[in-house]
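Protein chains in written order, with the working numbering: chain A, 3 to 267; chain B, 242 to 534; chain C, 144 to 418.
Certain hints may be false.
Stated by the list, open to error - Calculated from the model, a selection of chain B residues having no Cβ within reach of chain C, i.e. all distances over 12 angstroms:
#	residue
1	Pro307
2	Ala367
3	Arg381
Stated by the list, open to error - Label-pair ranges, simulated between beta-carbon atoms:
#	chain 1	residue 1	chain 2	residue 2	range
4	A	Glu154	B	Pro307	44 to 50 angstroms
5	A	His168	C	Pro400	43 to 49 angstroms
6	C	Arg160	A	Glu160	36 to 42 angstroms
7	C	Pro340	A	Ala6	56 to 62 angstroms
I should point out that these hints are in silico values taken from the structure, not numbers from a laboratory. Quick caveat: nothing in here was measured; it's all calculated off a predicted structure. We put the beta carbon where it would ideally sit given N, CA and C, even for glycine.
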Amino acid sequence: MRPAVRIGSIVLGLVALAGLAGLAAPYDVVTAVDPDRAGVGPSIAHWLGTDHLGRDVAWRLALAPRAFVAPALLAVGLATVLGVTAGALAGYTGGAVASTVRYLATVTASIPRFVLILLAVTIYGSEGWVLGMAAGVAWTPAVAEVVHQRIEALTRAEFVLAARAHGLGPVRILLFHLLWVNCRRMVGRQALHLFGDLLVLETTLSYIGGFGVSEPEPSWGNMLAFEFGQHTANPWGLWAPAVAIWITVWAAGLVGETLAERTRA
Amino acid sequence: MFATQLLLSLAPGDPVDLVPGGEEVRAGLEAEWGLDAPVLVRYGRYLARAATGDLGTSLTWRPGAPVADLVWPAAARSLGLAVPAVGLALVTGVLLAWATAGRRSWRRRIVQALSIGPVFLLAFVAVTVLNETTWTLVERGLVARPSWFALPDTASGLRTALAIVVLAVGSGSLAEVHAALEDEIVRIRNAPFVDAALARGAPIAPHVLLNLLPPLTTIMANRTAFFVGGLVVVEKVLLLNGAGSMLWQACGARDYPLAMGLAIVAAAVVCATRLMGDLLRVGVDPRLREPPP
Amino acid sequence: MPDRLLLEGLEIRAGDRILVRGAGFTLESGEVVALVGASGSGKTLTARAAVGLPGPRPGVVAAHLRVEATGEVHEPWEGVAEAVAGGRRARFRRTAEPRFRAIRGRLVGYLAQDARSALDPLWTVGRLVEESRHLGKSAAPAAHWLARAGFRLPDGILPLHPHQLSGGMAQRVSIAMALARGSRFLLADEPTTGLDPTVQEEILAEIRATAGQGVGILLITHDLRLVPRVADRVVLLHGGRVVESLETGSLRHARSPEARALLAATARIAGGVLA
Chain A
3 MRPAVRIGSI VLGLVALAGL AGLAAPYDVV TAVDPDRAGV GPSIAHWLGT
53 DHLGRDVAWR LALAPRAFVA PALLAVGLAT VLGVTAGALA GYTGGAVAST
103 VRYLATVTAS IPRFVLILLA VTIYGSEGWV LGMAAGVAWT PAVAEVVHQR
153 IEALTRAEFV LAARAHGLGP VRILLFHLLW VNCRRMVGRQ ALHLFGDLLV
203 LETTLSYIGG FGVSEPEPSW GNMLAFEFGQ HTANPWGLWA PAVAIWITVW
253 AAGLVGETLA ERTRA
Chain B
242 MFATQLLLSL APGDPVDLVP GGEEVRAGLE AEWGLDAPVL VRYGRYLARA
292 ATGDLGTSLT WRPGAPVADL VWPAAARSLG LAVPAVGLAL VTGVLLAWAT
342 AGRRSWRRRI VQALSIGPVF LLAFVAVTVL NETTWTLVER GLVARPSWFA
392 LPDTASGLRT ALAIVVLAVG SGSLAEVHAA LEDEIVRIRN APFVDAALAR
442 GAPIAPHVLL NLLPPLTTIM ANRTAFFVGG LVVVEKVLLL NGAGSMLWQA
492 CGARDYPLAM GLAIVAAAVV CATRLMGDLL RVGVDPRLRE PPP
Chain C
144 MPDRLLLEGL EIRAGDRILV RGAGFTLESG EVVALVGASG SGKTLTARAA
194 VGLPGPRPGV VAAHLRVEAT GEVHEPWEGV AEAVAGGRRA RFRRTAEPRF
244 RAIRGRLVGY LAQDARSALD PLWTVGRLVE ESRHLGKSAA PAAHWLARAG
294 FRLPDGILPL HPHQLSGGMA QRVSIAMALA RGSRFLLADE PTTGLDPTVQ
344 EEILAEIRAT AGQGVGILLI THDLRLVPRV ADRVVLLHGG RVVESLETGS
394 LRHARSPEAR ALLAATARIA GGVLA
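Build out the structure end to end from the sequences listed, making use of the hints.
Take a look at the structure:
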């Protein structure tokens, strides 16, 4: 279990790093078309070979995370700030605030996230920041919900009463004892889950096409779609992005679950 | 407390509550046509019409055709995918959870590793592997070219079956249902009343299964929204003809009334499932029928 | 020949800790035996070992259990306990579980500590008693068994759900279920804990009456004051070991220091309240 979690964390770190570094990477590395070396297998010069237009698969694979890492970080930040604020307020104060938050959460959650995001992308265009904002808003109810439940249960717990009796102020209790000590792992798990979801979202949009990243800009999704049905001599071009998606989603899920397990213990 | 819960579960069924999704679409509508009528009035009118089943007319899909006429047949076709998929996820989830509950099992690892794959990726892998295998077999002369070859073009029956499986398994669906059910089964099996049933030599399955029903409805109600979202992807990737692919195309063609109508139907389906789940829970669990103490 | 239940040499461990060392008891049809001890003395574990429900964690290392009833003889722990100690729970499931299934309920019943949570919350009382009646192959309707367990208006109880019962009512329903099941022995785990004194007395009377119908009853309790009222014999547990086993009448002649301490403490509490 431990080594798996370590590997998962390393994978996530690398993907995030690649995504951020990719923003500054030279453009022509991934777009230079060379029909002479189309569909070549792995070699020293091209670690994973080339696709059917002769572009280096390894480079495209490494730079593709830039399509989703920045939106994912935006979405995670937005959902965490909004969700934790709403959930904490609702859980700690209860009453009308709680019912309003719960009501809004139920209403937002009744529209499937994917449909909501698709509508947003249709209206505002499929730039990364739209994707990030829409996913952040769509995820806020989920974050608010878990924080709300946790805080609500904890507020009634004996140790909060004891802390009050010790003369601790409500701000300190809420910010430190409730949120930081008791909720950070849970929120971290939600954040990782959202990161994985955004990867899936972006690659799905790019794979199907019409929204998301479009050629020649690489995304793991459109790399798959682009090589599909081409019968190139280089199967790496087809399978590498699929494996990359799978491993990254797996890593996000695994690390998130480990965080959640520690919370439970 | 029960009253608020019931109210909450009922509330989203009312189209007036669809404001968040509506806001964005409304903004888009305005930008597109520069509508001058007061925002709220227009929006109110739209909702009033939507409540009576009139969702406006399509702009580009089939210009002038009532959206409702386009949406309902497509939604019915999609339901033919979603319902079997939900059933498959449920049955497989219960069976797997029953087998693995309370044990560290390699089966769980496999299910979760498989199920974590995104819907589109699973569909892609299934189609690719099937195609490649068939190619190889045909090339070696082992089989005559079967009628369902060239998967993406023909044999919608096979694609439908694939879509159902992919939807039931993909994007962590089966894994989550499995894990949640496992927790519940362990909780119920350790409950004193199951212990007591065991001690009096009674079969425990009826007790465990009935007590599993309330959490089961909760799990499924929570997954419905995901299934509806997954439909869009699965229909698009496997080239099936339903509400999901219609939504995608409506979005692509900027046919806002059609997209909006489909979104409302999706939300209504989700709300209806939640309500049904709540009703079932109240029907099964007598404690929920009591007034609060 | 009367029915007999014998448990001896019971040893239960959780990891390195020994929870029960050499405890046991005997029980004959129609008698009430009190198994008395402080919390953590291993009372519940001992009783549960007699129905093969050692709970999720602890492992039974050694046990000799012999159940003679209705002309049958069962020895379900034979050759299994040692294997379970080795951590082979699968072995227990394969060999001992079927043997225990043959005696659980039918010959030996177990009344769990908290009667209310021991009833399935989604079933009605009628359905629960009906289940036991069906398992016990008895022809009498559920209401009959509820009446036998002391309900004056049993038909009013049938449609109720467990959460609508008081603790005492739930305990009676459990007794009714055991009667309908036709158990020859009944292991009652703290049946009066948490009940008010009037209800306690009614439940004890019910237990006495059940024993009068030829059922052997093990009454597990931490409260020595209950013992003279109902029990024929007393088994005193301390630290997972039997320190005293005698007729109720000769309780005051107990010689072990643990028994003397318990007797003295009980006398002081009872005296403090009543005198």
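Honestly, which of those hints from before does the structure not fit? Checked against the structure, the only hint that fails is number 6, while the rest are satisfied.
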